[in-house]
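Protein sequences appear in the order of chains A and B. Take the first sequence: its position 212, counting from 1, is numbered 212 in the working numbering, and each next residue is one higher. Take the second sequence: its position 41, counting from 1, is numbered 41 in the working numbering, and each next residue is one higher.
Calculated directly from the structure, the hints in this document are not laboratory data. Cβ coordinates follow ideal geometry from the N, Cα and C atoms, glycine included. It is possible that some hints are incorrect.
Pairs of lysine to any residue residues, derived as SDA-like cross-links and limited to a Cα-Cα distance of at most 25 Å, are as follows [to be verified]:
(1) A:K272 <-> B:L294
(2) B:K115 <-> A:P121
(3) A:K272 <-> B:A120
(4) A:K304 <-> A:S458
(5) A:K277 <-> B:K63
(6) A:K309 <-> A:Q429
(7) A:K418 <-> A:T273
(8) A:K304 <-> A:G203
(9) B:K121 <-> A:P40
(10) B:K95 <-> B:C280
(11) A:K277 <-> B:S290
(12) A:K354 <-> A:Q383
(13) A:K386 <-> A:T460
(14) B:K121 <-> B:Q266
(15) A:K277 <-> B:Q266
(16) A:K277 <-> B:Y156
(17) B:K121 <-> A:T273
(18) A:K272 <-> B:T124
(19) B:K63 <-> B:S50
(20) A:K272 <-> B:M296
Covered stretches of chain A (in silico footprint by chain B; criterion: 3 or more residues with CB under 8 Å from a CB of chain B, positions within the stretch not fixed) [said to hold, decoys possible]:
(21) 210-216
(22) 240-247
(23) 268-279
Residues of chain A placed beyond 12 Å of chain B at every Cβ, according to the derived structure [claimed, not checked]:
(24) L12
(25) P121
(26) L190
(27) H258
(28) A312
(29) Q361
(30) Q394
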Amino acid sequence: MQGPDAVVDPWLMALWDKILALYPLPPGLEIISPDVRLPPKYTLHYLPEDSPHPDSDLLQLAAPQAAPCELHPFSARVVSNQRVTAQSHFQDVRLIEFDIAGSGITFSAGDVVMIRPQNCPEDVQQFCQLLRLEPHRHFVLEPTEPGTPLPPLLPQPCTIQYLVTHYLDISCVPRRSFFELLAYFSTNELEREKLQEFSSAQGQEELYSYCNRPRRTTLEALWDFPHTTCAIPADYLLDLIPHIRPRAFSIASSMLAHPERMQILVAVVRYKTRLSKPRRGLCSTWLASLNPEQGDVRVPLWVKKGGMKFPADPATPVIMIGPGTGVAPFRAAIQERVALGHRGNCLFFGCRHKSKDFYCQTEWEELVTKGLLTLFTAFSRDQEEKVYVQHRIQENGRLVWELLSSGNAHVYLAGNAKEMPAAVAKALQLVLQLEGGLSPSEAEEHLTALERSQRFQSETWS
Amino acid sequence: SQVFAAEMGEYGVAPGQRVAIVWDSSSPVEALKDLVDKVQALVGADNRVSVENVNQLPQSAHKESSFDVILSGMVPGSRAQHSVELLAEVARILKPGGRVLLKEPVVTESGENGKIKTAAKLLTTLTLSGLVEVKELQKEVLTPEEAQSVGEHLGYQGNDLLIIQIEGRKPNFEVGSSSQLKLSFAKTPGPSGKPSVDPTAAKLWTLSANDMNDEGMDLLDSDELLDSEDLKKPDPSSLRAPSCKEMGKKKACKNCTCGLAEELEQEKKSSQPKSACGNCYLGDAFRCASCPYLGMPAFKPGEKILLQENQLHDA
């Protein structure tokens with residue numbers, strides 16, 4: 001057995017033994033057998049089909065006078081959804097603009113927008129068919145244990161359609177507890193045995209190979225256990241499947257440049273595992289599918305303060321390193337700083353091909369012409385040898401050193417995690433050594449000091 | 001070639017051939033009758049054209065290697081889809097060198113609808129079933145009504161459906177068969193006991209009369225150099241190089257002559273629709289590690305369950 005289960009399982013067993021030794025059960029009480037199915041957190045009560053109901057599929061409106069938040073997101077209209085990479089490029093990246101007029105939302109460069117995605121109609125339909133749910137039926141939830149609060153994100157009454165579309169995360173990779181619970185509903189011996197195997201300690205490696213490695217979705221797993229799935233009582237849906245989590249995107253525009261608007265850069269996640277159907281990111285795929293030309297398209301969103309803060313002093317130059325979609329917060333920062341008249345903007349941008357994924361090219365070139373931006377580009381695949389942002393940093397070490405030392409520049413790094421952040425840190429250290437005359441250990445310390453004093457900030461994602 | 005096609009008639013059918021037409025119930029009976037009449041006219045009255053519904057073909061268990069040509073999905077209106085199992089059956093009942101000509105609806109973009117294949121997937125399916133010389137002949141665009149009808153039938157909402165026409169052949173050897181290699185010097189010898197020799201070549205090698213008189217020329221009877229051991233016919237097994245299989249080769253050479261290609265072909269065919277565990281249709285959770293269907297969803301479990309659903313009432 002491998003992984004955390006190898007430690008947690010035996011520990012839990014030993015824990016209960018210890019606890020029972022210290023606090024034995026009072027007479028008459030027994031430990032509930034693992035064969036016994038525990039009650040669900042809520043019971044689901046269908047309302048009669050013919051009774052009148054308010055239309056509960058409307059998104060919750062923002063509470064007045066309060067900034068939109070997770071419980072009360074703002075329903076932002078999609079203004080435009082443009083692909084900014086060439087059609088021949090492997091990745092579909094979108095620049096999406098939202099109308100946030102009247103929302104009470106304010107944001108500054110470095111802030112992040114939270115978006116809660118929804119499941120696609122095909123998946124919703126398939127889920128309802130598998131579980132024999134009728135999408136149009138209205139229901140209310142009642143807690144089994146008195147005092148349990150109702151799930152805040154579900155309107156009451158609610159429809160099955162709404163529950164499966166907006167709430168249940170049927171595309172997430174199911175966890176061990178999913179199979180454990182599912183086993184209780186099984187009417188088929190073959191399926192039940194397999195489900196129990198997947199929830200056992202010994203079966204965790206098998207489970208990893210079945211679910212996690214190929215990134216199998218909950219819906220796909222249910223498809224493999226048809227006899228069990230059609231027997232799932234609706235009461236247990238919220239115990240079985242977690243709710244959809246919101247996704248964070250760096251805001252890519254400034255309110256100073258585009259008032260009442262918000263723009264984001266979204267790379268559509270799509271990749272292959274050994275499953276025949278390609279894997280898709282739930283949120284990025286949903287956002288990419290929104291077409292404002294087909295009518296009023298809305299996205300529930302709210303803003304969170306971001307990790308990156310840009311200097312208020314107009315004299316402080318800013319060095320931004322943002323390959324790929326990492327450039328998003330820097331686009332916001334540059335728009336903001338240009339609007340405020342801050343000129344010390346230095347951007348290192350990297351992508352694969354100048355002709356394919358050099359998004360915002362026109363914008364940058366215009367700013368360069370006006371002397372408002374110093375731009376260094378690295379097109380990694382436009383020539384035989386790979387050229388990355390870290391190479392450009394080293395090539396322009398003198399300038400970087402000048403900005404850091406006499407300019408007191410702030411350095412920012414954003415983009416995909418993996419190797420890039422380490423490579424950039426290394427390049428910066430080399431600049432400190434070669435141009436600043438520091439020893440390798442001094443250079444490392446200096447970089448750490450810059451981090452501590454918030455003069456070197458990074459926000460990377462995986 | 002065009003001349004070939006003219007001789008063979010439409011569908012590549014020649015007089016005297018045994019042909020099977022595989023159809024599905026989406027095609028109107030009239031259209032099927034038309035095609036049967038056409039083909040019957042091509043093969044002549046002495047040969048009966050066999051007709052099979054695509055779902056019945058495996059059960060009919062025709063004698064192997066009995067058809068020269070099989071036409072499947074060729075009746076106008078057909079929506080037949082060809083699985084690996086179906087094509088393996090087609091390959092089985094085709095004569096060696098026999099030809100299958102089929103049409104099937106395909107999508108242009110690969111993706112989520114597991115029911116409809118892309119053209120590439122269909123070509124691979126033919127190859128996996130044991131057919132060779134698999135090639136796409138043409139693509140047909142559907143009229144909007146046809147596309148809608150096919151889409152509804154197959155549960156597909158996209159607008160990139162096409163009908164593709166593909167041909168394939170059964171390899172020109174039957175597994176286990178052997179044939180004499182045609183090597184010219186293995187032919188029965190002529191009256192002189194020696195194979196005939198090109199006179200001009202012979203001249204080059206003939207010793208001239210002058211050579212005969214050369215004292216230094218030592219003419220030996222080369223036969224005398226051989227002793228009884230040399231004259232013994234070698235045991236064929238001692239001549240065999242370690243076979244490709246023994247050497248651990250998993251892949252046969254292109255012009256395999258040692259039989260490994262046939263062996264691997266047989267393995268491939270027999271491991272195709274029949275799995276080690278028999279659980280292929282159940283889904284990845286139940287499939288064994290060597291299952292050819294790993295990565296694909298369980299086969300139509302939804303339909304199975306929906307059938308039972310009719311008998312149950314909502315609680």
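Status of the hints after comparison with the structure:
no., hint, result
1, A:K272 <-> B:L294, "holds, 14 Å"
2, B:K115 <-> A:P121, "holds, 18 Å"
3, A:K272 <-> B:A120, "holds, 17 Å"
4, A:K304 <-> A:S458, "holds, 17 Å"
5, A:K277 <-> B:K63, "violated, 38 Å"
6, A:K309 <-> A:Q429, "holds, 22 Å"
7, A:K418 <-> A:T273, "holds, 19 Å"
8, A:K304 <-> A:G203, "violated, 40 Å"
9, B:K121 <-> A:P40, "violated, 45 Å"
10, B:K95 <-> B:C280, "violated, 29 Å"
11, A:K277 <-> B:S290, "holds, 19 Å"
12, A:K354 <-> A:Q383, "holds, 11 Å"
13, A:K386 <-> A:T460, "holds, 21 Å"
14, B:K121 <-> B:Q266, "holds, 22 Å"
15, A:K277 <-> B:Q266, "violated, 30 Å"
16, A:K277 <-> B:Y156, "holds, 16 Å"
17, B:K121 <-> A:T273, "holds, 17 Å"
18, A:K272 <-> B:T124, "holds, 19 Å"
19, B:K63 <-> B:S50, "holds, 12 Å"
20, A:K272 <-> B:M296, "holds, 13 Å"
21, 210-216, "holds (count 3)"
22, 240-247, "violated (count 0)"
23, 268-279, "holds (count 5)"
24, L12, "holds, 26 Å"
25, P121, "violated, 10 Å"
26, L190, "violated, 7 Å"
27, H258, "holds, 35 Å"
28, A312, "holds, 49 Å"
29, Q361, "holds, 29 Å"
30, Q394, "holds, 42 Å"
Against the hints set out earlier in the document, violations occur for numbers 5, 8, 9, 10, 15, 22, 25, 26.
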